[in-house]
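Knowing the structure of chain X, use the given hints to seat chain H on it.
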Amino acid sequence: MPSRRRTLLKVIILGDSGVGKTSLMNQYVNKKFSNQYKATIGADFLTKEVQFEDRLFTLQIWDTAGQERFQSLGVAFYRGADCCVLVYDVNSMKSFDNLNNWREEFLIQASPSDPENFPFVLIGNKVDVDGGNSRVVSEKKAKAWCASKGNIPYFETSAKEGTNVEEAFQCIAKNALKSGEEEELYLPDTIDVGTSSQQRSSGCEC
Amino acid sequence: MIADGAEDEEKWLAAGAAAFKQNAFYMQRAIDSNNLKDALKYSAQMLGELRTSKLSPHKYYDLYMRAFDELRKLEIFFMEETRRGCSVIELYELVQHAGNILPRLYLLCTAGSVYIKTKEAPAKDILKDLVEMCRGIQHPLRGLFLRSYLAQVSRDKLPDIGSEYEGDADTVTDAVEFVLLNFTEMNKLWVRMQHQVSHDLCCIACESLPFDDPELRLAVGLSGLQGPAREKERRERERSELRDLVGKNLHVLSQLEGVDLDMYRDTVLPRVLEQIVNCRDEIAQIYLVDCIIQVFPDEYHLQTLDVLLGACPQLQPSIDIMTVLSRLMERLSSYAALNVEVLPYFLQVEAFSKLNNAIGKVIEAQEDMPILSAVTLYSSLLKFTLHVHPDRLDYADQVLGSCIKQLSGKGKIDDSRATKEIVTLLSAPLEKYNDVVTALKLTNYPLVMEYLDNETKRIMATVIIRSIMKNNTLIATAEKVEALLELIGGLINDPDESQGVEVDEDDFEEGQNSVARLIHMLYNDDPEEMFKIISILKNHFLTGGPKRLKFTVPPLVVSALKLIRRLPVEGDNPFGKEASVSATKIFQFLNQAIKLGQIPLVLNQLCYSLRFLSLSVGAFCLLQIIEALPNVPSPDLAFRLYLQCAEAANKCDEEPIAYEFFTQAYILYEEEISDSKAQVTALQLIIGTLQRMHVFGVENRDTLTHKAMGYSSKLLKKPDQCRAVYGCSHLFWLEDHEAIQDGERVLLCLKRALKIANSAQQMISTAQGSSTVSVTLFIEMLNKYLYFYEKGIPQITVESVESLIKLIKNEEPMASDPSAESFFASTLRFMEFQKQKGGAIGDRYEEIKV
Numbered sequence: 001m002p003s004r005r006r007t008l009l010k011v012i013i014l015g016d017s018g019v020g021k022t023s024l025m026n027q028y029v030n031k032k033f034s035n036q037y038k039a040t041i042g043a044d045f046l047t048k049e050v051q052f053e054d055r056l057f058t059l060q061i062w063d064t065a066g067q068e069r070f071q072s073l074g075v076a077f078y079r080g081a082d083c084c085v086l087v088y089d090v091n092s093m094k095s096f097d098n099l100n101n102w103r104e105e106f107l108i109q110a111s112p113s114d115p116e117n118f119p120f121v122l123i124g125n126k127v128d129v130d131g132g133n134s135r136v137v138s139e140k141k142a143k144a145w146c147a148s149k150g151n152i153p154y155f156e157t158s159a160k161e162g163t164n165v166e167e168a169f170q171c172i173a174k175n176a177l178k179s180g181e182e183e184e185l186y187l188p189d190t191i192d193v194g195t196s197s198q199q200r201s202s203g204c205e206c
Numbered sequence: 001m002i003a004d005g006a007e008d009e010e011k012w013l014a015a016g017a018a019a020f021k022q023n024a025f026y027m028q029r030a031i032d033s034n035n036l037k038d039a040l041k042y043s044a045q046m047l048g049e050l051r052t053s054k055l056s057p058h059k060y061y062d063l064y065m066r067a068f069d070e071l072r073k074l075e076i077f078f079m080e081e082t083r084r085g086c087s088v089i090e091l092y093e094l095v096q097h098a099g100n101i102l103p104r105l106y107l108l109c110t111a112g113s114v115y116i117k118t119k120e121a122p123a124k125d126i127l128k129d130l131v132e133m134c135r136g137i138q139h140p141l142r143g144l145f146l147r148s149y150l151a152q153v154s155r156d157k158l159p160d161i162g163s164e165y166e167g168d169a170d171t172v173t174d175a176v177e178f179v180l181l182n183f184t185e186m187n188k189l190w191v192r193m194q195h196q197v198s199h200d201l202c203c204i205a206c207e208s209l210p211f212d213d214p215e216l217r218l219a220v221g222l223s224g225l226q227g228p229a230r231e232k233e234r235r236e237r238e239r240s241e242l243r244d245l246v247g248k249n250l251h252v253l254s255q256l257e258g259v260d261l262d263m264y265r266d267t268v269l270p271r272v273l274e275q276i277v278n279c280r281d282e283i284a285q286i287y288l289v290d291c292i293i294q295v296f297p298d299e300y301h302l303q304t305l306d307v308l309l310g311a312c313p314q315l316q317p318s319i320d321i322m323t324v325l326s327r328l329m330e331r332l333s334s335y336a337a338l339n340v341e342v343l344p345y346f347l348q349v350e351a352f353s354k355l356n357n358a359i360g361k362v363i364e365a366q367e368d369m370p371i372l373s374a375v376t377l378y379s380s381l382l383k384f385t386l387h388v389h390p391d392r393l394d395y396a397d398q399v400l401g402s403c404i405k406q407l408s409g410k411g412k413i414d415d416s417r418a419t420k421e422i423v424t425l426l427s428a429p430l431e432k433y434n435d436v437v438t439a440l441k442l443t444n445y446p447l448v449m450e451y452l453d454n455e456t457k458r459i460m461a462t463v464i465i466r467s468i469m470k471n472n473t474l475i476a477t478a479e480k481v482e483a484l485l486e487l488i489g490g491l492i493n494d495p496d497e498s499q500g501v502e503v504d505e506d507d508f509e510e511g512q513n514s515v516a517r518l519i520h521m522l523y524n525d526d527p528e529e530m531f532k533i534i535s536i537l538k539n540h541f542l543t544g545g546p547k548r549l550k551f552t553v554p555p556l557v558v559s560a561l562k563l564i565r566r567l568p569v570e571g572d573n574p575f576g577k578e579a580s581v582s583a584t585k586i587f588q589f590l591n592q593a594i595k596l597g598q599i600p601l602v603l604n605q606l607c608y609s610l611r612f613l614s615l616s617v618g619a620f621c622l623l624q625i626i627e628a629l630p631n632v633p634s635p636d637l638a639f640r641l642y643l644q645c646a647e648a649a650n651k652c653d654e655e656p657i658a659y660e661f662f663t664q665a666y667i668l669y670e671e672e673i674s675d676s677k678a679q680v681t682a683l684q685l686i687i688g689t690l691q692r693m694h695v696f697g698v699e700n701r702d703t704l705t706h707k708a709m710g711y712s713s714k715l716l717k718k719p720d721q722c723r724a725v726y727g728c729s730h731l732f733w734l735e736d737h738e739a740i741q742d743g744e745r746v747l748l749c750l751k752r753a754l755k756i757a758n759s760a761q762q763m764i765s766t767a768q769g770s771s772t773v774s775v776t777l778f779i780e781m782l783n784k785y786l787y788f789y790e791k792g793i794p795q796i797t798v799e800s801v802e803s804l805i806k807l808i809k810n811e812e813p814m815a816s817d818p819s820a821e822s823f824f825a826s827t828l829r830f831m832e833f834q835k836q837k838g839g840a841i842g843d844r845y846e847e848i849k850v
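Listed in order, the protein sequences are those of chains X and H.
Just so we're aligned, residue 1 is where the first sequence starts under the numbering used here, counting upward by one.
Just so we're aligned, residue 1 is where the second sequence starts under the numbering used here, counting upward by one.
Footprint (simulated), chain H over chain X, 3 or more residues, beta carbon under 8 Å: (1) 37 to 45; (2) 54 to 67; (3) 73 to 84.
Keep in mind that the hints were calculated from the coordinates and are not lab data.
All figures in this text were calculated on a predicted structure; none of them were measured in a lab.
Cβ atoms here follow ideal geometry from the backbone N, Cα and C, with glycine treated the same way.
Chain X with its partners taken away, still in its complex shape:
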């Protein structure tokens, strides 16, 4: 297959409600930040062109609803992801504790071909809050978690101030690119063009 096949990189951002997934994406793609909390409904993506080793890639960043009740259609959009970004709020232990669930849920639903080596990146967001005084999850603890999951790269960011966001996404793009997730290779059995579909659809012409 020609190399152009891999110009689109799909990234999924997961994490508890209110940890700043949408803010991280907006900061990275639009360089904008809003202090207001707005829930995300369903899945939403933004794209950004990135340059990497003289080649141009389109990064397709999927932001997801942290609140389960706004994920009514399920997670079919996980399929074909090249990298999964797990986000937690360094000021919330619960959001950190839930990382395992998000990671496992992703591996089950997306079922990548090589789950052991699927690229994850962990982001601890909101390091700016209260000058770091309200922080409850230490860097050490987060890094230990990353180490236990096969040396996941870790970044501490502030979507509000833009700290480390660019660096984190650089790493995300790099890992997505290196990901072993080749697209499903499909070769048709017979050259039988365009006859099969019509019979199965209902009589409706729309």
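Just chain H, lined up with the frame of chain X:
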């Protein structure tokens, strides 16, 4: 599809996906060879798979996502084509040659996205065209997904403020209009699903019949008869799965930079609400109102509360608006909690009264609203006002009042979830203020508790006590204590025993223990107020029955005794004779406690605290005890208490009282204690206690000692006699009291004990065999001799010690009894040790020749 769904569906999805992949493969090949015509042909065939009616929303979404990914490749290809000189306008025309309308519109949206990117036409025109064209699909499921595709591809191409697609002709208003239109159309499709019964009917709908056509309604109604409840259930489940597609539009609106407060208030909110109210569909209404609350920022809600709340009564009467309103209040509460600087706005817009009114109206409108919903609502409102207006207790009380109004006339609540919610409601003020005293100011608070069953009252009482303990809240006035006891009544007594629900033993104990702990938090420095508190407690506890008294009386007695300690000496009572608090009064109270069967405990406590009492109070106290003691049921216990009291009297310097106690103890010993073992123990107690008494004059002491000696030599067994008698030797030698140092009588005592040991030995040897007991007795005697020898009592001579050692060494059975042998060995070691120490003691030991 309806009946044996799941399995068939998998098959259909697999078949669809296979055909899909095949076409996607050829599409890709066409793209790779830059063949636009073939790329369009295969992509249209690929998209044809989305025309299926056989898949549930979940499976359809699966297929849709595949299409979505493939179309991204096509979009990139389109983009490249335009760079290679293909006119985007032509491309836009070209895609419309696709045979079927659904693939055609997907391709049109994809081309439209590229069209906007090239900026060859104003974004708003293209968007408008697309959103209008999509009307061509009236099948709800397909239409919803198509429009959701449109929403997604246009997401970053809206002429928002600051966007690259904003221009003279394109403003954020156009962006908002576009999303609102798409939203409205999607909601219509979604709502229509509810009324659509068979899939064939969709074909009628496809002709774009307006749904309010009465004939269609009739048709739907008729075929609805064939579809039983199961059909409705399935339909509602499918709708619920699809809801995020509709709600997503609101998310897009909220993300627009240009939707500021003005735009939101003037355009977005009214238009969205209009659609929600007019669709008259329960599922849509409850979900979309929730969406509004969740996706838009708090400050917008605060500034548009009127509008949002005003819409509530217009919604379908059957919908669960409670949950929605509760969520709104929860959001606003946490907003206020996290951003103190916004509090003035809450006051400015009178958020509380608006919410309160709205809730009142909603409840009024829904007569048969379940109690749970109403309570949940008030619970959220209470939390809201506690966070936002912590200084306005009247607001909180008002909420509780409204809640009572709702509960009244319905008797006790029997819905367990509702009672749980009431516990949450009542816990909220405690958590907020961390001070039960504040909660006590809420006049409606106890009234709400009236509606709880006994079990829940108990739970609530525990919550209240836990709060007091956690925050170390002192409750300092009788009035507050009274109010508090009303609140925790669930733990204090059983209002009607007839209910007869057995409480778990552990739970009961835990509850009573917590009441016991609570008593120590009820305190006032002023004795008069404190006495009132104690009296109130007593009155309440008396209603609790003996099972509870076991737990509640002890701390109350301690509390009363603490109060006695603080009282001035009776004589110079500042309150004068009329004083309301006096030791006398407290003792009357204690007496009552004694009568409640708490005698040993009360007395124990009393004796313990005697040492803190002023002399006159102490004496008084002791007299009370004398009166009370005959009530003690067990003689053994009474005996011990007498001795304890005697010791206390000793500390109070009350000789006659102490003597009286001893006399009583002796009487009990003579009349009631008959078991020989019990006698030994009792005698040890007598000797031990008597030894410590220093209050007695010579005469009294002699009498008591003499008696004790008499008892000792009358014990049943010789060894016991011996031990008791040598124990008595201590009665004649008190280390720090020179008046009680009589070496002569110590020696007499020891000699007598020795004699008994001798006769014990003879008795045993005539009986038979071993006389180890007496050897041990001799060694014990040796130790006593050494003790007094060491003290320097002149009557205990070196010779007497030496002869005793010799005597022991000559005893035959020593070798056969290892324990006696080692006892003796260690005694000798001790002597050696003392010798090594040197000094006066060492010198004395030096003299002993072993």
